[in-house]
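Now for the letters of each chain:
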Amino acid sequence: MKKNWWKIIAIVFVLYTIVAGFLVPVPAQPILHETIRNLYFHVPMWFSMMTILFVSLWHSIKYLSRSDIQSDIIATQAANVGMLVGTLGLVTGSIWAKYTWGAWWVADTKLNGAAITMLIYLAYFVLRGSIDEEQKRARIAAVYNIFAYVLLIVFLMILPRMSDSLHPGNGGNPGFNNYDLDKNMRMVFYPAVIGWILLTVWIFTLRVRIEKLKRKKIFND
Amino acid sequence: MLGKQIKYLIIKELKLELRNKYALGGILLYVVSTIFISYLSFKKIVMPATWNALFWIILLFASINAIAKSFIIETKGRLLYTYTLTSPQAVILSKIIYNSLLLIVLSSLCLLAYSLFIGNIIQDLPLFLITLLMGSLGFSSLLTMVSAIASKAGNNFTLMAILSFPIIIPLLMVLIKLSKNAIDGLEHWDLNYLTILMLLNLIIIALSYLLFRYLWRD
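These protein sequences, in sequence, are chains A and B.
Note that this note's numbering has the first sequence beginning at 1, numbered continuously upward.
Note that this note's numbering has the second sequence beginning at 1, numbered continuously upward.
Derived from the structure by calculation, the hints contain no laboratory data.
Cβ atoms here follow ideal geometry from the backbone N, Cα and C, with glycine treated the same way.
Among the hints, erroneous ones may be present.
[As the list claims (entries may be wrong)] Examples of chain B residues toward chain A, derived with CB under 8 Å:
{"hint": "1", "residue": "Met145"}
{"hint": "2", "residue": "Ile149"}
{"hint": "3", "residue": "Lys152"}
{"hint": "4", "residue": "Ala153"}
{"hint": "5", "residue": "Gly154"}
{"hint": "6", "residue": "Leu159"}
{"hint": "7", "residue": "Ile162"}
{"hint": "8", "residue": "Pro166"}
{"hint": "9", "residue": "Ile167"}
{"hint": "10", "residue": "Ile169"}
{"hint": "11", "residue": "Pro170"}
{"hint": "12", "residue": "Ile196"}
{"hint": "13", "residue": "Leu200"}
{"hint": "14", "residue": "Ile203"}
{"hint": "15", "residue": "Leu211"}
{"hint": "16", "residue": "Tyr214"}
[What the hints assert, rightly or not] Simulated pairs of lysine-lysine, DSS-like, Cα-Cα distance not exceeding 27 Å:
{"hint": "17", "chain 1": "B", "residue 1": "Lys15", "chain 2": "B", "residue 2": "Lys4"}
{"hint": "18", "chain 1": "B", "residue 1": "Lys69", "chain 2": "A", "residue 2": "Lys136"}
{"hint": "19", "chain 1": "B", "residue 1": "Lys180", "chain 2": "B", "residue 2": "Lys44"}
{"hint": "20", "chain 1": "A", "residue 1": "Lys110", "chain 2": "B", "residue 2": "Lys177"}
{"hint": "21", "chain 1": "A", "residue 1": "Lys136", "chain 2": "A", "residue 2": "Lys217"}
{"hint": "22", "chain 1": "B", "residue 1": "Lys180", "chain 2": "A", "residue 2": "Lys110"}
{"hint": "23", "chain 1": "A", "residue 1": "Lys136", "chain 2": "A", "residue 2": "Lys216"}
{"hint": "24", "chain 1": "B", "residue 1": "Lys44", "chain 2": "B", "residue 2": "Lys177"}
{"hint": "25", "chain 1": "A", "residue 1": "Lys62", "chain 2": "A", "residue 2": "Lys136"}
{"hint": "26", "chain 1": "A", "residue 1": "Lys98", "chain 2": "A", "residue 2": "Lys110"}
{"hint": "27", "chain 1": "B", "residue 1": "Lys76", "chain 2": "A", "residue 2": "Lys136"}
{"hint": "28", "chain 1": "B", "residue 1": "Lys69", "chain 2": "B", "residue 2": "Lys7"}
Build out the structure end to end from the sequences listed, making use of the hints.
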């Protein structure tokens, strides 16, 4: 129990997000209307993705310095879970975009950034799939992961300067923070971010354990 | 020490290239024929945005083709010989420098043929040339590193393309923006973008320098 307190926090916060997210009153905004509640689900997905992809990067660096295959398992599974929450972020964003901007996909810098992130990590998995030898696969995938992540971060920093965005807080649009996000919404939004990040980490630790057990089984058979 | 090694490795690359002239000729012909096909399909292009996009797409594909072979041509025995003599940093830096030279030749030819067939609408040639030069450097450093990665994974060309496309996009977008400014002939040079471009090149070269030693030895 001592070790698992954060799992309880994850469950409580996510449950709270779902219940309070749909029930607590939100400010009535033109265009947005009730879709503003998607803020509790869409935005935390991107926070979770960047957190878990950073874990992946960290363990890739660790692999290169220690050559411990455990780090490789962790890096891969983190990237896997990153793709999962990234896909959820794209889906929730796409639905939101349909109701507010009128299209499933619009030309927007943040959408491009998300799409490129997905492409990079899909390429990472294709690269892993094309090398058979375990140590070699781990080493080369780690190099690509570091190379790609750094360029991705640079891109995500340059991108907003290149063109306007439809997202709040970019290109002259007021951010949610300014006046939309009132006290009620903050009370749900901050726990939502923490809850979703913890839940993502939990899924990731489970995946790592499953992967380790699989390898153990292969080893014993 | 490192400088001397790099010098000899570049001379080695040059000698190999000249011994095998058809590879260089092949890639130059590739650019010219692609441009000729575009010319037959588009005739003249006067829209700056289209002109610019097509130019960079042709150059991107030609660069990937030109650089994909840079680690493939190394045979196992020759690699073993290089391991014993030089440091990995010297190998990657010499390849980057050599490939930059190759891409500078390639992009100049691309610009010449492109403006001959598709039409020349550039109003600020010096800025365009600077962009082209920086672009060659950036493309060569990024693609050299990716080709080193792809060469460890069975040397396949598809892998080279899917690994490089997503990470080359930032560079490509800055280049397209700058060359669009050059075509429109804006009065002031956008120093912001030039700085970003220079920083991007530096980051890519630094990363290649740091990471290559984990790649090359099996």
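Hint by hint, which ones does this structure get wrong, listed from lowest number up? Of the numbered hints, all hold.
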